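*Asks:* Read off the chains here:
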Amino acid sequence: MHTIRRTITNEIRRLRFEHGEMTQQQLAEKIHVTRQTVNAIEQGKYSPSLEAAFRIAAVFGVPLESVFHYSSDE
Amino acid sequence: MSFREKSAWISLLTMAGIYGLYFWSVIHDGPQVGRFHFGKLLGTIIALVVVQIVLHITVAIFAPAEAKAPRDERDKLIELRAMRVAYSGLATAVAFACFFGALNPPIVFNTNALLFILVTTEIMRSACQIIQYRRGA
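Those protein sequences? They're chains W and E, same order as listed.
For the first sequence, this note's numbering begins at 173 and goes up steadily by one.
For the second sequence, this note's numbering begins at 865 and goes up steadily by one.
In case anyone wonders, no lab produced these hints; they're calculated from the structure.
Warning: the hint list may mix true and false statements.
EDC-like cross-link-like pairs, simulated, lysine to aspartate or glutamate; straight-line CA separation at most 16 Å [what the hints assert, rightly or not]: (1) W/202 to E/869; (2) W/202 to E/930; (3) E/932 to E/869; (4) E/940 to W/223; (5) E/940 to E/869; (6) W/217 to W/183; (7) E/904 to E/893; (8) W/202 to W/223; (9) W/217 to E/893; (10) E/932 to W/183.
Bear in mind that the values here come from a model prediction, so they are computed numbers and not experimental data.
Build out the structure end to end from the sequences listed, making use of the hints.
*Replies:* Pasting the structure below:
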């Protein structure tokens, strides 16, 4: 049986670094979540809501697809 | 560790510890038909509330900003998932209790069995929250 693998990766760590080495805590405060949630998103363990994803993109001033990438082996 | 995770640990440990003592004491006393240990249960509930409040205040003193912050979307999702698991356990346990209740056990046994189910459900909920926080979500 063929299992379709879907993954969502993100560029948050790189974007934080490029934005004055913004800390996870600073990003968390800007998007109204906890630091632990930012960490979970960054590590790909938690997929944020669409609203939170847009907020993250807005913080970095880039489009959503520059922050999150979706891929599947279909 | 976030404040919410610490709160789940407090709930798990205090429920298991304090209600554990209550049930151990009830079992130790043996079946006493018609005599529900109301005083003992009241003492247990008061002890639980006091210990949980003291521990939450202590944790909040060390991280006041986190304690004041509202639950975020991940906290809510984790809570919902934990509730779903705990509800399944509760429904199964209540079904067994109904079946066992039909066998006419002493009322005091039924009351303690229902209390045990409620406590176990709450422990299961906290445990599920902790597991999800540990995994990342």
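*Asks:* Against the 16 Å threshold, does the CA-CA distance of residue 202 of chain W and residue 930 of chain E hold or violate the hint?
*Replies:* holds (15 Å)
*Asks:* Would you check the hint for residue 202 of chain W and residue 869 of chain E, treating anything up to 16 Å between C-alpha atoms as holding?
*Replies:* violated (22 Å)
*Asks:* Is the straight-line distance between the alpha-carbon of residue 932 of chain E and that of residue 869 of chain E 16 Å or less?
*Replies:* holds (14 Å)
*Asks:* For a C-alpha distance cap of 16 Å, please report whether residue 940 of chain E and residue 869 of chain E respect it.
*Replies:* Between residue 940 of chain E and residue 869 of chain E the Cα gap is close to 12 Å, so the pair holds against 16 Å.
*Asks:* Taking only the CA atoms, is the gap from residue 202 of chain W to residue 223 of chain W under or equal to 16 Å?
*Replies:* holds (13 Å)
*Asks:* Is the straight-line distance between the alpha-carbon of residue 940 of chain E and that of residue 223 of chain W 16 Å or less?
*Replies:* holds (15 Å)
*Asks:* Are the Cα positions of residue 932 of chain E and residue 183 of chain W separated by 16 Å at most?
*Replies:* Violated, at roughly 30 Å.
*Asks:* If you draw a straight line from the CA of residue 904 of chain E to the CA of residue 893 of chain E, is it 16 Å or shorter?
*Replies:* Roughly 12 Å between the alpha carbons, so the hint for residue 904 of chain E and residue 893 of chain E holds.
*Asks:* Residue 217 of chain W and residue 183 of chain W were given as a pair; does the straight-line alpha-carbon distance stay at or below 16 Å?
*Replies:* Holds, at about 14 Å.
*Asks:* Has the given pair, residue 217 of chain W with residue 893 of chain E, been kept, meaning a C-alpha gap of at most 16 Å?
*Replies:* violated (48 Å)
The structure does not agree with the numbered hints 1, 9 and 10 stated previously, though it agrees with the rest.
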